[in-house]
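Asks: Sequence:
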Amino acid sequence: MEEYNAILAKSFTRKEQKKLRYGALLAFCVFLLTCFTVFKPSFTHPPILNLRSSIYGARPRMLQIDENIISRNPRQIFSTKVKLQAETRRPACNVLEPRSDYCDIQGDIRIHGKLSTISFASPQNGNIAGLNESWRIRPYARKGDKAAMTSITELSVKSFVGNDRTINSVCSYSHGVPAIIFSLGGYAGNQFHDFSDILVPLFITSYQFHQQVQFLVKDFKPYWISKYMPILKQLSKYPIINMDNENNVHCYGRVIVGLKHHKEFGVDPFKSPKGYSVRDFTQFLRKAYSLNRTTAITINEGQNATKKPRLLIVSRKGTRKFTNEEEIAKMATSMGYEVVVAEPGVTMTPSEFAHIVNSCDVMMGVHGAGLTNLAFLPTNAVVIQIIPLGGLEWLSRHDFGEPAVEMKLRYLEYKIREEESSLIEVYPRNHVVFRDPTSFSKLGWEAVKSVYLEKQNVKLDVASFRVTLVEALKLLHS
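Residue numbers (UniProt numbering): 1 to 478.
Everything labelled a hint here was simulated from the structure, so no lab data went into it. As the structure is a prediction and not an experimental result, all values here were calculated from the model. We put the CB at the ideal spot given by N, CA and C, even for glycine. Keep in mind that the hints are not guaranteed to be accurate.
[Claimed, not checked] Computed Cβ-Cβ distance ranges for the label pairs, DEER-style:
{"hint": "1", "residue 1": "LYS274", "residue 2": "ALA447", "range": "24 to 32 angstroms"}
{"hint": "2", "residue 1": "THR438", "residue 2": "ASN324", "range": "22 to 30 angstroms"}
{"hint": "3", "residue 1": "GLN208", "residue 2": "PRO437", "range": "36 to 44 angstroms"}
{"hint": "4", "residue 1": "ASN248", "residue 2": "TRP394", "range": "46 to 54 angstroms"}
{"hint": "5", "residue 1": "SER351", "residue 2": "ARG435", "range": "39 to 47 angstroms"}
{"hint": "6", "residue 1": "ASP436", "residue 2": "THR294", "range": "26 to 34 angstroms"}
{"hint": "7", "residue 1": "TRP394", "residue 2": "TYR173", "range": "44 to 52 angstroms"}
{"hint": "8", "residue 1": "TYR223", "residue 2": "ASP108", "range": "30 to 38 angstroms"}
{"hint": "9", "residue 1": "GLU327", "residue 2": "GLU352", "range": "21 to 29 angstroms"}
{"hint": "10", "residue 1": "GLU327", "residue 2": "ARG90", "range": "53 to 61 angstroms"}
All chains should be modelled from the sequences, with the hints used to inform the complete structure.
Replies: Put into structure tokens, the structure is as follows:
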């Protein structure tokens with residue numbers, strides 16, 4: 001190195017030596033830049049694979065892999081392009097929820113109603129694991145109840161390769177709005193289950209579309225559709241399709257199979273698509289049935305002195321009926337109530353009964369489907385649930401007590417004593433029916449139902465029950 005520097009010193013001046021070093025450094029930088037440009041694929045990407053994620057609108061997320069291969073071995077230089085879509089997307093169907101299975105599919109979807117098939121084009125190409133997805137769905141929101149689910153038609157939900165035209169190849173009708181598929185089997189026809197299993201879940205699932213959605217119904221019941229048409233028309237402005245008799249292929253860009261269920265007779269705003277709550281549901285019902293009253297009466301001393309609070313006694317003609325209904329009404333009238341006695345679904349339409357309920361400030365009834373009508377009460381009204389014998393406290397609160405509170409109603413309950421139950425006329429006082437109702441629950445729901453729900457009527461002790469009606473009046477004062 002010293003010899004090299006000596007040669008430089010003899011051949012060049014100090015200034016010329018400095019220029020020479022800068023020139024060499026510049027030449028070396030140009031050389032490096034050229035190398036990076038020529039061999040860019042080898043330096044900027046991992047060997048073989050160039051990954052880029054993509055999202056197809058609202059389609060489930062995929063991972064696309066473009067392969068541009070430049071081998072470091074000159075003898076193996078070649079270029080090819082392969083598209084692989086690794087499965088990182090969520091499945092089209094969720095079958096893990098406790099109450100209902102639910103599919104939300106987007107893309108090319110074909111529905112054959114009579115065959116009970118929903119086919120959708122897979123976004124994947126090629127023969128890749130997970131390509132052929134399929135589910136068997138029963139679109140009813142009580143999937144843990146075997147008795148209910150036996151009457152629900154099973155639907156086949158299956159994907160197919162996009163270029164496979166052998167599956168429902170011809171669209172008889174193509175629709176520009178989403179579709180929602182649900183069943184009217186199970187316990188449809190019982191008012192409580194109509195709401196808790198179908199109408200509330202349908203509200204949760206469809207209200208976000210602002211009527212721009214079409215309903216396709218399996219296990220079709222014309223009377224049910226007619227009964228709840230005021231509600232259905234507020235959720236969809238399109239004709240309802242009876243899938244049972246539909247031989248045509250209906251095609252959609254988005255289809256929801258099954259209904260989302262949050263809780264018994266309720267809505268969880270943290271789970272609903274737009275944060276809707278059960279109060280949104282009750283406001284929706286008022287609009288559907290043109291119910292004018294939004295708030296119950298507030299009793300003030302000196303004001304509203306001539307206006308009496310209205311008390312609705314929900315009458316029953318079957319089991320769990322009041323055997324001294326007239327006596328109850330007479331006692332309530334003496335306390336200052338304007339009493340109305342009515343039974344839903346007997347001599348009036350659902351709309352007519354909804355208007356009666358909405359006109360009242362207090363509603364009372366024995367645990368049963370008739371209490372479902374509390375959804376039509378104005379805000380701050382009082383609900384009084386009469387709980388029969390049989391260890392039914394939890395069930396009663398779960399079905400009606402908790403929903404009433406969430407609907408901004410005031411809730412009271414009255415648990416009857418043995419002497420107020422008609423079972424006292426059938427069984428001796430020391431019978432297990434009175435001593436240990438929980439023993440029946442161990443035998444299953446049918447055992448509880450057969451004794452405490454189907455064989456029991458109620459004769460209220462009006463003197464004892466008067467205390468509860470006084471409490472209701474106090475609530476209306478606040």
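Asks: If a hint holds in the structure, say so; if it does not, say that too.
Replies: Hints versus structure:
1. LYS274 / ALA447: 24 to 32 angstroms: violated, 42 angstroms
2. THR438 / ASN324: 22 to 30 angstroms: holds, 29 angstroms
3. GLN208 / PRO437: 36 to 44 angstroms: holds, 43 angstroms
4. ASN248 / TRP394: 46 to 54 angstroms: With a Cβ separation near 48 angstroms, ASN248 and TRP394 satisfy 46 to 54 angstroms, so the hint holds.
5. SER351 / ARG435: 39 to 47 angstroms: At roughly 46 angstroms between Cβ atoms, ARG435 and SER351 fall inside 39 to 47 angstroms, so the hint holds.
6. ASP436 / THR294: 26 to 34 angstroms: Violated: the Cβ-Cβ distance is about 46 angstroms, outside 26 to 34 angstroms.
7. TRP394 / TYR173: 44 to 52 angstroms: Holds: the Cβ-Cβ distance is about 48 angstroms, inside 44 to 52 angstroms.
8. TYR223 / ASP108: 30 to 38 angstroms: holds, 35 angstroms
9. GLU327 / GLU352: 21 to 29 angstroms: Holds, since GLU327 and GLU352 (Cβ atoms, about 27 angstroms apart) stay within the stated range.
10. GLU327 / ARG90: 53 to 61 angstroms: Given about 60 angstroms between the Cβ atoms, the range holds.
Consistency note: the structure conflicts with the earlier hints numbered 1 and 6.
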